[in-house]
Amino acid sequence: MTVAIVDYGSGNLRSAAKAFQHEAAGRKVLVTGRAEDLARADHIVLPGVGSFGDCARGLRALAGMMEALQENVVRRAKPFLGICVGMQLMATRGVEHGIHEGLGWIHGEVVPLEPDTGAGDHRLKVPHMGWNELTIGDPAHPIFAGLAPGAHAYFVHGYRFAAADAASVLAEVSHGGPVTAAIGRDNMVGTQFHPEKSQAVGLSLIANFLAWRP
Amino acid sequence: MLKIRIIPCLDVKDGRVVKGVNFVDLVDAGDPVAQARFYDQAGADELCFLDITASHEDRDTLYDVVRGTAEQCFMPLTVGGGVRNVDDIRKLLLAGADKVSINTAAVARPEFVAEAAEKFGSQCIVVAIDAKATVPGRWEIFTHGGRNATGRDAVVWGERMAALGAGEILLTSMDRDGTKGGFDIGLTRAVADAVGVPVIASGGVGTLDHLVEGVRHGHASAVLAASIFHFGTYSVADAKAHMAAAGLPVRMEPTAPAPEGANP
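Chains as they are written, first to last, in this note's numbering: chain A, 1 to 214; chain B, 215 to 478.
Don't read these hints as lab results, they were simulated from the structure. All the pointers check out, no bait thrown in.
In silico DSS-like cross-links for lysine-lysine, where the CA-CA straight-line distance does not exceed 25 Å:
#, chain 1, residue 1, chain 2, residue 2
1, B, Lys227, B, Lys305
2, A, Lys18, A, Lys28
3, A, Lys18, A, Lys78
4, B, Lys305, A, Lys18
5, B, Lys333, A, Lys18
6, A, Lys78, A, Lys28
Start from the sequences and build out the full structure, keeping to the hints where you can.
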């Protein structure tokens, strides 16, 4: 069993790889930028920090990677997890510093986070940075198995996934209005938060993903 | 709802913790990785390492510390001190830091902040501001641990840093640092209200009420403290319980049992 973590030059892969190794239970964790490695992976993870456009460019710069993702995630239906910008890349497009095409797996756009400050005693900040409690819309989803109600996850982002179809939103958080925390369909999920930085909650979500047989 | 973060800060010199937790019977109290594990299991929301190694050439020890921490702690880690160029940032991120804090280098060349944010994303660029009161209601920023005056206004500087791409401001009152007299609330509030990015209040925490004041009156998004945690005056859990009782949103998660060797 092999977990492939796609390395396209985006930021901090080390903590993601370490967290997956922690929960790997004998699986091989392969950090790779080679498209052909996806063929022999059982689970595929797309991390990402930075801007949507940079990440989309980085991914496209890897020979054959877009095709390999389509082949292995869409056609061969391998379990897929996108994290932060990796989750946002699942969208139709992103509008951060220009309009950039995403993978187009979940209909929607990645748009600036503009919290409604309302009557709060001080302003809600952007980036949305820190721990926020998840409102899980689909508690039966295997990825959320064993998570206590009100579990917290760690977020750092200034843009949000505006899903075209509410059914693809698996979890939300509140930051001056509802913000998509997790999306998914079929064999794919994406988390706006960082499971690899979310202590016990994050590690159990990673374990759930690795045990997932959609 | 987003929670107020409690961030213990460890000073690291030549790969060793200078002031660390001394109330637990850690096998090696000077080992930053052991300290980080302790705070991870204690429910800290983030961790901060401040490298105070004198020589830039001896910084390889810091990368080892960050690497070791990233292997064992699955929590956000900010590393600051001596970050001078894009290569320093890259090395820290590759070692496993999530955010890097820039201080003197931002004052020397503000465009560095923009370059860093463009390259790595604002989410991992923290600008540290050390400020001292000059006249009532005005604060000036200092570098080199408070020794060098810059003539720059702290609020204006904070706004400029956020505009250049800083994702967060770590704001330390040099007047209060080490005094245990509480945050400089006027400074914290002036900067927090001026910038759209989160502000971490730092410098002066001596009691748990100080943490509450930093958020309630200073409008900070996070509070950083060193000695109250390291010297065992209070635990992270004490701090969270106190803030929750004061009506502030904090993350209370059932935490794992204390690490081996801990004897609180």
